[in-house]
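> In order, the protein sequence lines correspond to chains A and B. Counting in the working numbering, the first sequence runs from 1 upward without gaps. Counting in the working numbering, the second sequence runs from 1 upward without gaps.
Honestly, the hints are just simulated from the structure, not real lab data. Errors might be hidden in some of the hints.
One copy or two, it doesn't matter: identical chains are merged, so the pair holds either way.
[Stated by the list, open to error] Taking lysine to any residue pairs in the SDA-like style, the calculated list, with each CA pair at most 20 Å apart, reads:
#1 K298 <-> H258
#2 K298 <-> D41
#3 K298 <-> Q311
#4 K298 <-> A310
#5 K108 <-> N137
#6 K298 <-> R313
#7 K298 <-> L84
#8 K298 <-> F217
#9 K20 <-> D106
#10 K108 <-> N148
#11 K298 <-> E214
#12 K20 <-> R288
As a plain string of letters, each chain reads:
There are 2 protein chains.
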Amino acid sequence: MAVTVVGSVAFDALETPFGKRDRILGGAATHFSLAASFFSDVRVVGVVGEDFGSEEFEVFAARGINMDDVEQVPGARSFFWSGLYEDDMAVAHTLDTQLNVFAEFDPKLSQHARESAILFLANIQPDLQRQVREQCNGAALVGLDSMNYWIESARSSLLETMRCVDTIVFNDAEVRMLTGEPNLARAAREIRELVGPRVLLVKQGAYGACMFTETSFFSIPAYPLETVIDPTGAGDAFAGGFFGFLDSLDEPDFDDNHLRCAAVLGSVMASYCVEDFGSERLQRLTRREIAERFEEFKHMTAFESPPVVAQLRR
Amino acid sequence: MAVTVVGSVAFDALETPFGKRDRILGGAATHFSLAASFFSDVRVVGVVGEDFGSEEFEVFAARGINMDDVEQVPGARSFFWSGLYEDDMAVAHTLDTQLNVFAEFDPKLSQHARESAILFLANIQPDLQRQVREQCNGAALVGLDSMNYWIESARSSLLETMRCVDTIVFNDAEVRMLTGEPNLARAAREIRELVGPRVLLVKQGAYGACMFTETSFFSIPAYPLETVIDPTGAGDAFAGGFFGFLDSLDEPDFDDNHLRCAAVLGSVMASYCVEDFGSERLQRLTRREIAERFEEFKHMTAFESPPVVAQLRR
């Protein structure tokens, strides 16, 4: 099987309290595909400019990521984002956004991409997300991310797209913005009633992530890193780990423990992602490191019921 | 064995988006002792005014809480706090604080209180906390809470008191304020290096709580309540569940799983506390409800390792 992701493949300029990068490989589909590639075959649908060179393509090739559905537009420049993080690494301040090739992006999927078992619609304009969704009617599982900008400027289109997917990956600010509801549990219920996803994942930055499904609630903390170098891409790395793992199963399904393990592996990938600028840490990550941190997540959250709890029932 | 808590026993006026109470039983020692009373014998050290009547004393008596060390000052009024919570229930706005009897509080512990195995210094002036600490030299385990006001106005006294305890219970804003460090893991390490507690518990409101010890990190989410009526006392109920459970063991110890279960039971008590105004929910709580929510916390955080994780190690 394979995961197809549609989203930005880009250049970023980043500044955090730990340093800066003037021009670095970025984009949601980049972080997603690198993270997912540790678990499954990944195919990127996107568009880049002539400035996207062999050095950049090599990063994907080194992880076996299929880039056949990435269109390269001659004479044009790739999507560019410039962001600044201050002491509070939770908030990215956008300094510059240049759509470039993305302004005219008209995704047309190859037959291979259309046949993927899992499709992830990374954060792009919701009409484009729906256009891709409609080309992948056979997907067993479709995920979606978005951002505050589309919630404000394209709300009805976004809601329509949300109704065509089964797994939504938002951060808590987006959940609250979409519903106007400060209580997360209530906001999650409103979203499930409004657009009916089977799974709602809520990324909570330094507080971890949680997952609302039809039958259960699951919460996983963030890995307690003493040094977060650059939060860029953490949410996409989370989604890459989540959907990549589900695609590694014999059949993608909605089994509760599978979804929970997917969320933990998503958290593992996000925790590594932020250890260096952009995708630099994911590029040098090993399978053994993923397994080790998964076990650390298990240890961070485990406890055995003491006898007193049984006694309380009497 | 028994837990002794020193702290405020008071009247509160509260307003939240869900209603208001003009005069309700409050105070850190009240919430702590009610929560701890489900697990162990509890003794309160404090001071009240003549306005503190049989109705208030009856709340403690109904839970078997020993009030012999609560001094009642004739002709004086009890400590009074008035607070307002807006839509974001994470922030309490203080409208009024009247120290009243607390202005002259000079805690003198009975022999029974001095002999408690566990002592909890709830949020009061740090010199007073130390004065109580020095009267309880035999305690196997001493916990401490504080607040932003003392961090700013009595920092050196607070640090001196922190050095005399082994378990510190702060919220994340207090941890960051004390250290000036936005990263929680790093701030926690700084506090452990500065004053050397064996256990640092960090309450994170709607995000749950986490615990740093010499050997491990543990995180527990908040219970995903759709309606939080009043957050007042949640932190003290957390501490009450934590220390009450540890006191229910044959010997209070620092066993990793015991500390983890204590943190879960603290979270259980905090989650019930916020379901109604002040201590109203804790007053009608049952042992069975505690056991049920403990199991829910277990289910909210549990996952089984999938085969793919073992394969990643190859």
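> How would you label the pair K298, E214 (within, between, both, or neither) given a Cα cut-off of 20 Å?
between (24 Å within a copy, 18 Å between copies)
> Reference check for the pair K298 and D41, CA-CA at most 20 Å: within, between, both, or neither?
neither (26 Å within a copy, 34 Å between copies)
> Is it within, between, both or neither when you check K108 against N148 at 20 Å Cα-Cα?
Close neither inside one copy (26 Å) nor across copies (57 Å); limit 20 Å.
> Between K298 and L84, at a C-alpha cutoff of 20 Å, which is it: within one copy, between copies, both, or neither?
neither (33 Å within a copy, 39 Å between copies)
> For K298 and Q311, with the copy left unspecified, which applies at a CA distance of at most 20 Å: within, between, both, or neither?
between (27 Å within a copy, 17 Å between copies)
> Please sort K20 with D106 into within, between, both or neither, judging by C-alpha distance up to 20 Å.
neither (33 Å within a copy, 55 Å between copies)
> Is it within a copy, between copies, both, or neither that the alpha carbon of K298 lies no farther than 20 Å from that of H258?
Result: close both inside a copy and across copies, 15 Å intra and 17 Å inter.
> Within, between, both or neither: how does the pair K298, F217 come out at a Cα-Cα threshold of 20 Å?
The answer is both: 17 Å in one copy and 11 Å across copies each meet 20 Å.
> Within a copy, between copies, both or neither: where do K298 and R313 come within 20 Å Cα-Cα?
between (27 Å within a copy, 16 Å between copies)
> Is it within a copy, between copies, both, or neither that the alpha carbon of K298 lies no farther than 20 Å from that of A310?
This pair counts as between: shortest inter-copy Cα distance 14 Å, intra-copy 24 Å.
> With 20 Å as the alpha-carbon cut-off, assign the pair K108 and N137 to within, between, both or neither.
within (14 Å within a copy, 75 Å between copies)
> Up to 20 Å between alpha-carbons, please classify K20 paired with R288: within, between, both or neither.
neither (29 Å within a copy, 55 Å between copies)
In terms of the numbered hints stated before, the structure departs from hints 2, 7, 9, 10, 12, listed from lowest to highest.
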